[in-house]
Amino acid sequence: MKARVHITPKAGVLDPQGKAIQHALAALGFAGIDTVRQGKVIELDLADTDPGRARTRLDEMCRRLLANTVIEDYRIELPA
Amino acid sequence: MKARVHITPKAGVLDPQGKAIQHALAALGFAGIDTVRQGKVIELDLADTDPGRARTRLDEMCRRLLANTVIEDYRIELPA
Amino acid sequence: MRAGVIVFPGSNCDRDVAVALGRSMGRPPVMIWHGTSALPDLDLIVLPGGFAYGDYLRPGAIAAHAPIMPAVVAAAHAGVRVLGICNGFQILTEAGLLPGALLRNAGLRFVCRDIHLRVENSYTPFTQLYEDDEVIRIPVAHHDGNYFADNATLAALEDNDQVAFRYCEPGGEVSAAANPNGSLANIAGIFNRDKTILGLMPHPERLADPALGSEDGSRLFDSLVATLS
Amino acid sequence: MSVAPAAIAQHGLSPAEYAEIETILGRAPNHVELGVFSVMWSEHCSYKSSKRWLRLFPTAAPWVICGPGENAGIVDIGDGQAAVFKMESHNHPSFIEPYQGAATGVGGILRDVFTMGARPVAILNALRFGSPKHPRTRYLAAGVVAGIGGYGNCIGVPTVGGECTFHPSYDGNIIVNAMTVGVVERARIHYARAAGPGNPVVYVGAKTGRDGIHGATMASAEFDADSERKRPTVQVGDPFTEKLLLEACLELMASDAIVAIQDMGAAGLTSSAFEMASRGGLGIALDLDAVPQRETGMSAYEIMLSESQERMLIVLKAGREPEARAIFAKWELDCAVIGTLTESGRMVIRHGGVVVADLPIAPLVAAAPAYDRAWIATPPRAATVNAPPPPSIRAALLTLLASPDLCSKRWIWEQYDHMVMADTVRRPGGDAAVVRLHGSGKALALTADCTPRYCAADPVMGGRQAVAEAWRNLIAAGARPLAITDCLNFGSPERPEIMGQFVGAIEGMAEACRALDFPIVSGNVSFYNETTGSAVQPTPNVGGVGLIADLARATTVALAVGDEVVLIGANAGHLGASLYLREIAGSEAGAPPPVDLAAERRNGAFVAQCITEGWLAACHDIADGGLLVALAEMALAGDTGVTVVPPRLEIPLFAWLFGEDQGRYLVAATSANAERIVASAAAAGVPAVGIGQAAGKDLTVSDADTISLSELRTAHERWLPEYMAATPEASEG
Ligand SMILES: Nc1ncnc2c1ncn2[C@@H]1O[C@H](COP(=O)(O)OP(=O)(O)O)[C@@H](O)[C@H]1O
Ligand SMILES: [Mg+2]
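So the sequence lines, in the order shown, correspond to chains R, P, Z and Y. Numbering-wise, our numbering puts 49 at position 55 of the first sequence, and it's gapless, one number per residue. Numbering-wise, our numbering puts 35 at position 41 of the second sequence, and it's gapless, one number per residue. Numbering-wise, our numbering puts 200 at position 194 of the third sequence, and it's gapless, one number per residue. Numbering-wise, our numbering puts 381 at position 380 of the fourth sequence, and it's gapless, one number per residue.
Just so you know, the hints here were simulated from the structure itself, not pulled from any lab data. Treat each hint with caution, since some may be false.
[To be verified] Keeping only pairs whose Cα atoms sit at most 30 Å apart, straight-line, the calculated DSSO-like set for lysine-lysine is: (1) R:K13 with P:K4; (2) P:K34 with R:K4; (3) R:K13 with P:K(-4); (4) P:K4 with P:K34; (5) Y:K208 with Y:K318; (6) R:K(-4) with P:K(-4); (7) Y:K318 with P:K4.
With the hints as extra help, turn the sequences into a complete structure.
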């Protein structure tokens, strides 16, 4: 099963990359871009077949390694 | 309108980050993880109201700045 | 003083800090491979600079789970002094031994240069040979040294005198211009509550030798030797 | 059945070369074999256009341990130690993907050095970008610098020096050359000569993927559009794996288990296997099924031609495999026996149990094409130019110091960890970087030099000048110059004018090497740096290495209050092809300054003697921009002003201040020592004249031409960061 984990900077945490992209886009002439945030996406190929169990495991992976919850939120995406 | 751009290493391109994450997950005891790839996700708040035009603009942003198409693929996600 | 330097795959300042510590101690520290799970009897554990596991995912994130880390955490809780320099600081935050996190530099580029630090608390085993408010010159070399903590954490750090060093002008003024990476409150290094753990982004081991231009960094190691011997 | 002409052309082989292949084999090559020939006979691997000219280089000296022909050159530095170094290009990949292109360039040159048993101790880089006005320049510069830093910083080898200049001739072809210097105990030097039939051939490092398989070979009929899509032309580097590979290799090299070792660089497994076997006159039986692979379904062709990074090929002593396996397992790297040395003299390659290639090694390597390409000498330019005086000395100096080529490159070197390993005694910004030999009172001085605008004006003189400037920089740092490596970047060798530049540059370099006792021990050639017939300026980058036997003698460029400044060397006010002419008058005309090699040697020997005597407080060579620029750099470094008191002049003052005559130094000393210097110079036949005194916080030439250090500093530091921050780094222009 293919899963995706989205990791984004928490609200209130500085996102220098996002800010730089926003600035660069404006300088390239792309108008009307309000905010830009940059995050990570991690795609995993899991042996699991049960989506519920996969989600539990992914949640644990996020808390233990993939995300730093001091600064990041995460969101797990499983095939519907 | 909120848009999301996913940028991932092209198939066949070495992804040292993904490799390291896969390795670390295995070391933590998470079994049955086949491949891991890491990419970026960029979230943008656009003034556009027309999804077609937004997509065209995002495509241009990707080619000009956000992605390097020599080694990266990109995918644009707009609200349905 | 018995000191050990943990070597992770990708550490690259392990030798540098061993040399600087050796100068202060009069003999070299022991080098400890990350893959072992037991520590010898130590008074000081050093987590050196470098790119453990390539800094992939987040700097320090993978190293914080290395086989040796449970022993490091246990020793830290038992009061053994722990010093994390640069990547070592990142590992300490990821391992939960120090609060906050180190984000990408605000300028987004790697920055390697001498900076000035104001000593904020000289009543600790790490800093006792400095004076309060003394300005010292030490190099930084990092891509992710932008210290962040939420407001409550930051307030607690200030209240408990846990800020060890701040980036400052040569005259001691703490200004935005003197901040190389965007760190909150110009924080360059912090202690845990008990002042038994220090994490800092600058590299004291790189200016701990007159041939390299300064010994400002040596006094940090000398302080530890003076306290722990 | 013969191979179709289209496939031959796609493999970059000429019909004559293909005919030679059929003669060698006595039959038509199969697809794998054709691929092998195509890379082995490529310009990059065979040096077919340059070989005969490279022979002109002097390569020997009593202190040279290993000259060209191995992975890197080696010189003796005393006390049982040796310095190992080489420079290499990664121009084309860096133009396509600046970050990864430059990063993998650094990775490759690091491997060339540690494959010989040396621990890398320093990296240098020579960068040439297009016009600052070109829309891609900023993007390329940002990516290249970040890529070099990204690799070197992570692996933990300091990047201590280099060059960076801009010129429109590089708009379509940037130059990215990297140099690595390593140090090895003489007894631990490892070579790449296979020996001992029956010994195992071992693959270590990262797994093989479909990276970087030659563009020219990609369109081959055997592959559908899908397999082409799967094959990235640019490799992605993994400096973390390289760090592990470095430590693992050095750990294994501490024993005597290794017979031969070579990195898999350009043309990967093919060139490393063929070159090791050929040096030892042996054959190899290779089994590709044993090659660690990152992807499924790779063909023999792909495995043989892959340029995946961070890999090495080792010939072990039979029976030592367990030792190697244990070490590589500790560092979490692959280690696989993929073949055996044989006495057959043939490379026999099996895949899926069947022989997919069977090639004689010696003929394939020995019969590699070698061309005597047509060349025409570059026409000489007028020796004198009509150089207008500047609006004011003050304005001219500020313009020069703020110009792209002369401005401070701090923005670059602060992105490089130039202090890791804690032995960088002289950081970037001076003449040569100085890196202490760990745990000793000795040091290496390192520099990278070339002035392409001189080479364009007169390749012979430009070639001489590149070598002479490297030598001068080492002298000025207080070192004894030992040897150089080089990277020769030119346009298409198939054009006689370009070939003429190449031949001229080599002649000039060789003359200078001989005159200065400064042999060439390694190097690299990069041709075809041109787009639609427009070539880069000839760019023979030179990397120089010198030895400082006593660190106490290492000099500084920093002026201090009270210093007298003495000019060593003749000042004829030569302004042809100068930066003054280009930046102030907008002209690139004229012949470059002549390099009088006898004077160069005399003046350098004299300065070295002054350093040994302990007479100098500071020392700086005079190069781009001339005397006043060099003096301003010394003043800025020491944060000390200086008043210039020119001697009686027979040339205009501005020519004296901005001319680029060669063989010159500025030295600073106490007034007593300055007198000694001038007197002994006269005795030695070396021109020397006092030109000013250090004091205050202004640089003063006359009342009207007084500039505060802070104004100078702003001018010098401002351009590059402002340029890089100006607009975004668009990847398309
Ligand atoms: N310009 C040059 N000057 C001197 N030696 C050179 C030059 N170009 C190449 N060589 C030598 O030729 C050999 C092959 O070079 P190269 O193919 O670049 O090595 P590698 O396979 O390690 O990349 C090396 O020993 C190199 O030092
Ligand atoms: Mg090589």
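Would the pair Y:K318 and P:K4 pass a check requiring their Cα atoms to be no farther apart than 30 Å?
-> violated (40 Å)
Do the alpha carbons of P:K34 and R:K4 lie within 30 Å of each other, as the hint requires?
-> Answer holds: P:K34 to R:K4 is near 16 Å, not above 30 Å.
Would you mind confirming whether the straight-line C-alpha gap from R:K(-4) to P:K(-4) stays at or under 30 Å?
-> Roughly 25 Å separates the two Cα atoms, so the pair holds.
Would the pair Y:K208 and Y:K318 pass a check requiring their Cα atoms to be no farther apart than 30 Å?
-> With Cα atoms ~23 Å apart, Y:K208 and Y:K318 stay inside 30 Å; holds.
Starting from R:K13, check that the Cα of P:K(-4) is at most 30 Å away, please.
-> Holds: R:K13 and P:K(-4) sit about 16 Å apart, inside 30 Å.
CA of R:K13 to CA of P:K4, is that 30 Å or under?
-> holds (26 Å)
Given the hinted pair P:K4 and P:K34, is their alpha-carbon gap at most 30 Å?
-> The hint holds at about 12 Å.
Of the numbered hints listed earlier, the single one contradicted by the structure is hint 7.
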